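A.B. asks: Construct all of the structure, not just a fragment, from the sequences and the given hints.
Protein chains in written order, with the numbering used here: chain A, 1 to 358; chain B, 1 to 358.
I should point out that these hints are in silico values taken from the structure, not numbers from a laboratory. Remember, predicted model here, so these are calculated numbers, not experimental data. Ideal placement from N, C-alpha and C gives every residue a C-beta, glycine not left out. Hints are not guaranteed to be accurate.
Unchecked claim - With a cut-off of at most 25 Å between alpha-carbon atoms, the simulated DMTMM-like pairs for lysine to aspartate or glutamate come out as follows: (1) Lys256/A - Asp138/B; (2) Lys348/A - Glu95/B; (3) Lys239/B - Asp257/A; (4) Lys184/A - Glu159/A; (5) Lys140/B - Glu95/A; (6) Lys348/A - Asp89/A; (7) Lys22/B - Asp138/A; (8) Lys256/B - Asp266/A; (9) Lys140/B - Asp103/A; (10) Lys156/A - Asp191/A; (11) Lys140/B - Asp89/A; (12) Lys239/B - Asp228/B; (13) Lys141/A - Asp89/B; (14) Lys140/A - Asp57/B; (15) Lys141/B - Asp85/A.
What the hints assert, rightly or not - The following residues of chain B were derived to be distant from chain A, with all beta-carbon distances above 10 Å: (16) Thr30; (17) Pro38; (18) Ser44; (19) Lys82; (20) Val83; (21) Lys156; (22) Lys158; (23) Val169; (24) Lys184; (25) Lys216; (26) Lys239; (27) Arg240; (28) His251; (29) Leu326; (30) Tyr344.
There are 2 protein chains.
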Amino acid sequence: MLFSVTMDLLFKERGDQGGEFKTMHITYHTIDLKLKHPFRISRSVSETRKNVIVEIDGGIGEAAPSPYYGDNAETVIECLEKVKDQIGDDPFQIETVLSNLNDKISGNYPAKAAIDMALYDLIGKRLNIPVHKLFGLDGKKQLVTSFTIGIDTPDKMKEKTREAKDFLVYKVKVGVENDIEMVKAVREVTDAKIRVDANAGWKDAEEALTKIDQLKKYKIEFVEQPIDPNDKEGLLKIKRESEIPIFIDEHLMTSKDIPGFVGLCDGINIKLAKCGGIREALRMIHVARAHGLQVMIGCMIESSVGIAAAAQLGSLADYLDLDSNLLISNDPYEGMTVKGGMIYLSDKPGLGIIPKNM
Amino acid sequence: MLFSVTMDLLFKERGDQGGEFKTMHITYHTIDLKLKHPFRISRSVSETRKNVIVEIDGGIGEAAPSPYYGDNAETVIECLEKVKDQIGDDPFQIETVLSNLNDKISGNYPAKAAIDMALYDLIGKRLNIPVHKLFGLDGKKQLVTSFTIGIDTPDKMKEKTREAKDFLVYKVKVGVENDIEMVKAVREVTDAKIRVDANAGWKDAEEALTKIDQLKKYKIEFVEQPIDPNDKEGLLKIKRESEIPIFIDEHLMTSKDIPGFVGLCDGINIKLAKCGGIREALRMIHVARAHGLQVMIGCMIESSVGIAAAAQLGSLADYLDLDSNLLISNDPYEGMTVKGGMIYLSDKPGLGIIPKNM
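C.D. replies: So, in structure tokens, the structure goes:
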């Protein structure tokens, strides 16, 4: 009983229970992430990304806006300014806080994700447990992440693969003219698993099925986003005829979008910056499972803040693509450890993030 | 920083962190619940129910087996005996514990639910927070529960309704010859909301639609389980033609069953004893929401243990039918408070259950 009494006193002192709450305070600043190599996918290339770090009473989160979805650091900040007085006084009211945000603000998922992460970080810190423990998840489960090889000359792609030789899985960006040649080059320097991601770069089911057929001999684990996600007929044809499993990512944002892709794919790619955070990502995992869909957790270009947040749910996924902190040269934070292609979660409270001594 | 250090010491003393875990210990005993009135529904009548109370290292849960699903106290105990050495050493590993149980043991949802509840109670007690707070839910949200009026003579049903005059919603059991007369009788003594539950007692869509048409004038909120859940064509016809919303309960057990009922109903009735506990109930809520289905949380005949567990997720539901603790005369426990037809959650740690001084 000593335990209970002491805890009660501690909580009382902090105002976590009882009536003396203070409104939570949001602060934010931008970070300019520099990519080690220009990051080219079928539709775009990036050398830097401006993200927004959000702090709420000591909890930390990251908004990783993607121009493809119409978001950028300015839209994130605009959203944060709009909602900063509406997050209440208690991180444990996260359900109410986030559903109110969703009712009032449409879209703006990166900003919502940053708020969600910061609240979870704060909850974990208040309870003195890592967030994965809050969710009843195994923090020691082996979490294998893929390492992404952006589009480049075949020689450069070989070099990038060799540079990252410890990884157990590579995700090769495709969806361009010479993509078969690119995958061939990567396969020449590794026996590890290879996934490919066309980012909707193939123009229709015909082209996709031709490419998939040509890719078969390189032992491809799965193909992500072969064509435009709006081409449902094309996706159905690909799903029916492809010998390689198909994952959907683009424009599959939240749990409500999942039923529309059932029967058109084998799995989905969930990203906190697309769906609005850890809480919605968990919903998506549950909905995917109910439909027998496989689950990948992926990322935008983000620092260790966003990656550590996504990795908290890692043990619930079949596949992880949580590597963007490794693709940048100036990550301001440390979160989990990555070794031998595996993510080891921190057992620090909350998301386990600390500023890096740079 | 004092806070953190003190917490660390406390956790170390209890062995919650670090490597010194002891296997968790399951104990159980049966309880014979006596119904105040014989509880008659379209297919059966009960005067008592034998449930099983499960305790795990101070956490408490309840198995409420229903003969309709082939469960009883003996099957629960058999299941508990089978799994008692397989629940590990750490309640925070609940995801792994429960998914291992599901892999090894099919069905047996009441036993699984009791283990789930006991683990959540234990987690809440270890963290010194109520379980609804662990889930980030608002413990103060108004939770209106229906009160169930079992099948009886119209006069007796009037009397039962008058006895429970504080409630804001009644759930009237129907699905028998004279059910319109029964609903008429209840309506004569109350202006409150009325739901009806046929427990699959109407033989087909025709009979259901005729009854629904006759019920309209008594202002019915929704109709639960009009016909056999296997009659999907019948359900589709009812859903299309009924002017009153339709809920499904019977044989809709876990989240994986939900997609099969999409388009055939307006909402679903989730029960911990059907799905295997709080964790799966949350999954079901997420899946229902992704499909735009409404959510009711209901119960079997159970004491305040099972009801308090289900009520933890109450704020996520549209409708609650959590009244069975009020239908029995010898509830051995106290959990939440019920007043004016509303459930007030306890703010005690875990499920907030204490033995009643009888």
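A.B. asks: If a hint holds in the structure, say so; if it doesn't, say that too.
C.D. replies: Against the structure, the hints:
Restraint check for Lys256/A and Asp138/B: the C-alpha separation of about 23 Å stays at or below 25 Å, so the hint holds. Note on Lys348/A and Glu95/B: the hinted pairing holds, with a Cα-Cα distance of about 20 Å set against a maximum of 25 Å. Annotation: proposed proximity of Lys239/B to Asp257/A holds, straight-line Cα distance about 23 Å (limit 25 Å). Of the supplied pair hints, the one linking Lys184/A and Glu159/A holds, its CA atoms being roughly 13 Å apart against a limit of 25 Å.
Our distance criterion of 25 Å between C-alpha atoms is met by Lys140/B and Glu95/A, whose separation comes to about 13 Å. Straight-line distance between C-alpha atoms of Lys348/A and Asp89/A comes to about 24 Å, which keeps the hinted pair within the 25 Å bound. At roughly 17 Å between alpha-carbon atoms, Lys22/B and Asp138/A fall within 25 Å of each other, so this suggested pair holds. The hinted pair formed by Lys256/B and Asp266/A meets the criterion: a straight-line CA distance of about 16 Å does not exceed 25 Å.
Straight-line distance between C-alpha atoms of Lys140/B and Asp103/A comes to about 20 Å, which keeps the hinted pair within the 25 Å bound. Only pairs whose Cα atoms come within 25 Å are accepted, and Lys156/A paired with Asp191/A is accepted, the gap being roughly 18 Å. For the proposed pair Lys140/B and Asp89/A, the alpha carbon gap of about 15 Å is at most 25 Å, so the pair holds. With a C-alpha separation of about 14 Å, the suggested pairing of Lys239/B with Asp228/B holds against the 25 Å cut-off.
Distance restraint check for Lys141/A and Asp89/B: the Cα-Cα separation of roughly 16 Å lies within the 25 Å cut-off, and the hinted pair is therefore satisfied. Between Lys140/A and Asp57/B the CA atoms are separated by roughly 23 Å; this keeps the pair inside 25 Å, and the hint holds. With a CA separation close to 21 Å, the supplied pair Lys141/B and Asp85/A stays within the 25 Å bound. For Thr30/B, the condition that its CB be more than 10 Å from all CB atoms of chain A holds, with the nearest at approximately 28 Å.
No beta-carbon of chain A comes within 10 Å of the beta-carbon of Pro38/B; the shortest separation is about 37 Å. Non-interface status of Ser44/B relative to chain A is upheld: no Cβ of that chain comes within 10 Å, the nearest being about 30 Å off. Consistency note on Lys82/B: stated as away from chain A, and its beta-carbon is indeed over 10 Å from all of that chain's, at 22 Å minimum. No Cβ of chain A approaches the Cβ of Val83/B within 10 Å, the least distance being about 17 Å, so the stated non-interface status holds.
Against chain A, the non-interface label of Lys156/B holds: every CB pair exceeds 10 Å, the least being about 41 Å. For Lys158/B, the condition that its CB be more than 10 Å from all CB atoms of chain A holds, with the nearest at approximately 40 Å. Interface exclusion of Val169/B from chain A stands, the closest Cβ pair being 23 Å apart, more than 10 Å. The beta carbon of Lys184/B sits about 40 Å from the closest Cβ of chain A, which is more than 10 Å, so the claim that it is off the interface holds.
Its beta-carbon lying about 31 Å from the closest one in chain A, Lys216/B satisfies the requirement of being farther than 10 Å from that chain. Every CB of chain A lies more than 10 Å from the CB of Lys239/B, the least distance being 17 Å, so the non-interface label holds. For Arg240/B, the requirement that its beta carbon stay farther than 10 Å from each beta carbon of chain A is met, with the minimum near 20 Å. Every Cβ of chain A is farther than 10 Å from the Cβ of His251/B; the closest lies at roughly 16 Å, confirming the non-interface assignment.
Every CB of chain A is more than 10 Å from the CB of Leu326/B (nearest about 27 Å), matching its label as outside the interface. The claim that Tyr344/B lies off the interface holds: its Cβ sits roughly 16 Å from the closest Cβ of chain A, which is beyond the 10 Å cut-off.
Hint compliance for this structure: no hint is broken.
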